[in-house]
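J.: What follows is the residue order along each chain.
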Amino acid sequence: MSESTDLIVVGAGPAGMAAAVTALAGGLRVVLVDSGTAVGGQYWRHPPEHARAAIPTDDLHHGLREYRALSQALSAHSRRGRLDLRLAHHVWSAVREDDGFAVHVVDRRDAPRETAGVLRAPRLLVATGAYDRQLPFPGWDLPGVLTIGGLQALLKGGGVAAGSRVALGGTGPFLLPVAAGLAARGVDVVAVCEAAHPLAWLRHPGPLLRNPAKWTEGARYGATLARHGIRVHPRTAITRAEGGDRVTAVRIASLRPDGSPRLGTERQVQVDAVGVGWGFAPQLDLLVPLGCALTDAPDGNAVVAVDGGQRTTVPGLYAAGETCGVGGAALAVGEGRLAAESVLADSGAAPVLGRRGLSAVRSAVARQRGFARAMALAHPIPPAWPAWLSDDTVVCRCEEVTAGAVRSACTGGGAHDHRQVKQLTRAGMGWCQGRMCGPAVHCLTAQEQAYTPAERLVATPISLGALADIDEEH
Amino acid sequence: MSELIIDGEPLPFIEGQTVAAALVAAGRLSWRTSRVGHRPRGVFCGIGVCFDCLVTIDGAGGQRACLVPARPGMTVTTEEDDDE
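Here the protein sequences line up with chains Z and P, keeping their order. Following this note's numbering, the numbering of the first sequence begins with 1 at its first residue and continues without gaps. Following this note's numbering, the numbering of the second sequence begins with 1 at its first residue and continues without gaps.
Isolated chain P (complex conformation):
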């Protein structure tokens, strides 16, 4: 197992998994809050279409967690409101 860092905490993953797959494998189904109703959101379509799973990766915002392969040492941050 490799590890990435999400909001300061280590998250294990198997090489080849996406960031979203690593989160779901760890039992996390939501990691974002919607802009208007502040409702929890995570992965929905899983194939890059719905943009529900957005995270910031290594400082780059608006990344679809379901598309980006997890890499060792990658820094992922989730946000209250990442509609930038």
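Extracted from the complex, chain Z is given alone in its bound form:
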């Protein structure tokens, strides 16, 4: 198959699904690779196909009509042999070759058994999405404290609620669907702490007015929360998680406009699970080593720089979705379509969308990017969040490096960015390679610049045995 592939798409979330479907409709032969056991990515995370009757999750989703249309198109192309869908395949490296790209995968369909392989194609489209951005706080490493995405993944993927009394905290609209989903499964969501103030949105009336679909989505979640009596507390934060061998309570404080806690407002709430998230960090592990240019996004992340057709600065390499800036599923679908149209054009194939269709997608993408920008500005990381940290708060979960150690690396050690802090303290050197603590360590050292993740040459661990086998194969 790999000799006859025109395009490899990495990531089968909204962007990758839309890109693959468009490219397939244009007659290209596509390999679509994803680490999950079903298409959909994080946004449309589903249990594997065979488990959907036992684990019903349809009511937790938004935009399922689009998901089903894309899924059905992928299945049809797969049956006709035009699409090679590789689920449970992790990409650990993607490199440029003379005539295109080599994508190194680990087949984990039979996990923990691993089989390594290489896919090759003249063009590569990376749609690897994003994961929750975390800010450490005292007690965030207690069992029962999860990312809000983690709570959502357990719910959507496995039908499991991680607790029965849950507090959510952080910033951004993602808090709402997670609260609504938990409530729909009978969880008592005792607090939703939103660090921003909703009035911040009023500074951006244009993007709000131009995106009525987002109001509908917001209103739907708002109605669910109201039905369950869940209140969103603006300008508050979970500043501490407490417990022995698991979380049993959180401290919630009102915040000043800069994000520092207002003295005397702290109250304790009993919980058995907590979800936290501060926007998202784009998953750039494959893109950074490929050498494509990055650009600063308004949410404080470095993201992949793309042209109007989602082309990166590396010829033959395209990106779509959250890797180009966090903006939600509808934007990701639009970017996926635009990226695939560029692939078609650059391959000398006829377009799928037609002139009017293409211009409609372009204007929707522009409108949704405006909304994403407003969202980022209305839900910033509070500048004074380090005020919640005590010196013994763990910042790097893997190497258990404390805030005190990071601070002394900056003041005493003269570290100016997260890479220097890593050399001095081992923060970011453990199993996760700084994926969790990187943004936070960056904020503690160089908050005024955008966060660029460290270059990781191996995007997912792979066993030496699997690597040895691949050498024999090629």
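Derived by calculation from the structure, the hints in this document are not laboratory data. Note that beta-carbon positions come from the ideal geometry of N, C-alpha and C, so glycine has one too. One should not assume that every hint holds.
Claimed, not checked - Far from chain Z, some chain P residues (derived; all Cβ distances over 12 Å):
id, residue
1, Glu3
2, Ile5
3, Gly8
4, Pro10
5, Asp52
6, Asp58
To be verified - Okay, the calculated beta carbon distance ranges per label pair:
id, chain 1, residue 1, chain 2, residue 2, range
7, P, Glu79, Z, His50, 22 to 32 Å
8, Z, Ala54, P, Thr77, 19 to 29 Å
9, P, Ala26, Z, Ala349, 49 to 59 Å
10, Z, Ala360, P, Thr77, 27 to 37 Å
11, P, Thr75, Z, Ser347, 28 to 38 Å
Since chain Z is already given, all that's left is putting chain P on it; use the hints.
T.: Coordinates of chain P only, in the frame set by chain Z:
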């Protein structure tokens, strides 16, 4: 319900759930101890990024419980220190 074996004990799960989902469904939020401070750890990110949920599965160490689908008869072991 199917069953896997964790540290010698049966753990029920619904086919389609990950090992982490099966553990959380059974009320277990931690199953590992951190290397330096010996603190309890379990699932945090739930999507394969944080590596907090590591277990050994059928003898293979360093497996992310949140990614590996549970299978009947699978043998899962948790460790005091699996930083191998």
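J.: Starting from the hint 27 to 37 Å, judge whether the C-beta atoms of Ala360 of chain Z and Thr77 of chain P obey it.
T.: violated (54 Å)
J.: Between Thr75 of chain P and Ser347 of chain Z, is the Cβ distance one that fits in 28 to 38 Å?
T.: Cβ of Thr75 of chain P to Cβ of Ser347 of chain Z: about 48 Å, so the range 28 to 38 Å is violated.
J.: Against the range 49 to 59 Å, how does the distance between the Cβ atoms of Ala26 of chain P and Ala349 of chain Z compare: consistent or not?
T.: holds (51 Å)
J.: For Pro10 of chain P, is the shortest CB-to-CB distance to chain Z above 12 Å, so the non-interface label stands?
T.: Pro10 of chain P is indeed farther than 12 Å from all Cβ atoms of chain Z, at 18 Å.
J.: Would the non-interface assignment of Ile5 of chain P survive a Cβ cutoff of 12 Å against chain Z?
T.: The assertion about Ile5 of chain P holds, with a minimum of 14 Å to chain Z.
J.: Should the label of Glu3 of chain P as a non-interface residue stand, given a Cβ cut-off of 12 Å to chain Z?
T.: For Glu3 of chain P, whose nearest Cβ neighbour in chain Z is about 15 Å away, the distance exceeds 12 Å, so it holds.
J.: Is 19 to 29 Å right for how far apart the beta carbons of Ala54 of chain Z and Thr77 of chain P are?
T.: Holds, at about 26 Å.
J.: Please settle this one: Gly8 of chain P was flagged as non-interface, so is its CB more than 12 Å from every CB on chain Z?
T.: holds (19 Å)
J.: Taking 22 to 32 Å as the stated bounds, is the beta-carbon spacing between Glu79 of chain P and His50 of chain Z within them?
T.: holds (31 Å)
J.: Are all C-beta atoms of chain Z more than 12 Å from that of Asp58 of chain P?
T.: violated (6 Å)
J.: Quick one: work out the minimum CB distance from Asp52 of chain P to chain Z and report holds if it exceeds 12 Å, violated otherwise.
T.: violated (6 Å)
Figure legend: structure checked against the earlier numbered hints; hints not met, in rising order: 5, 6, 10 and 11.
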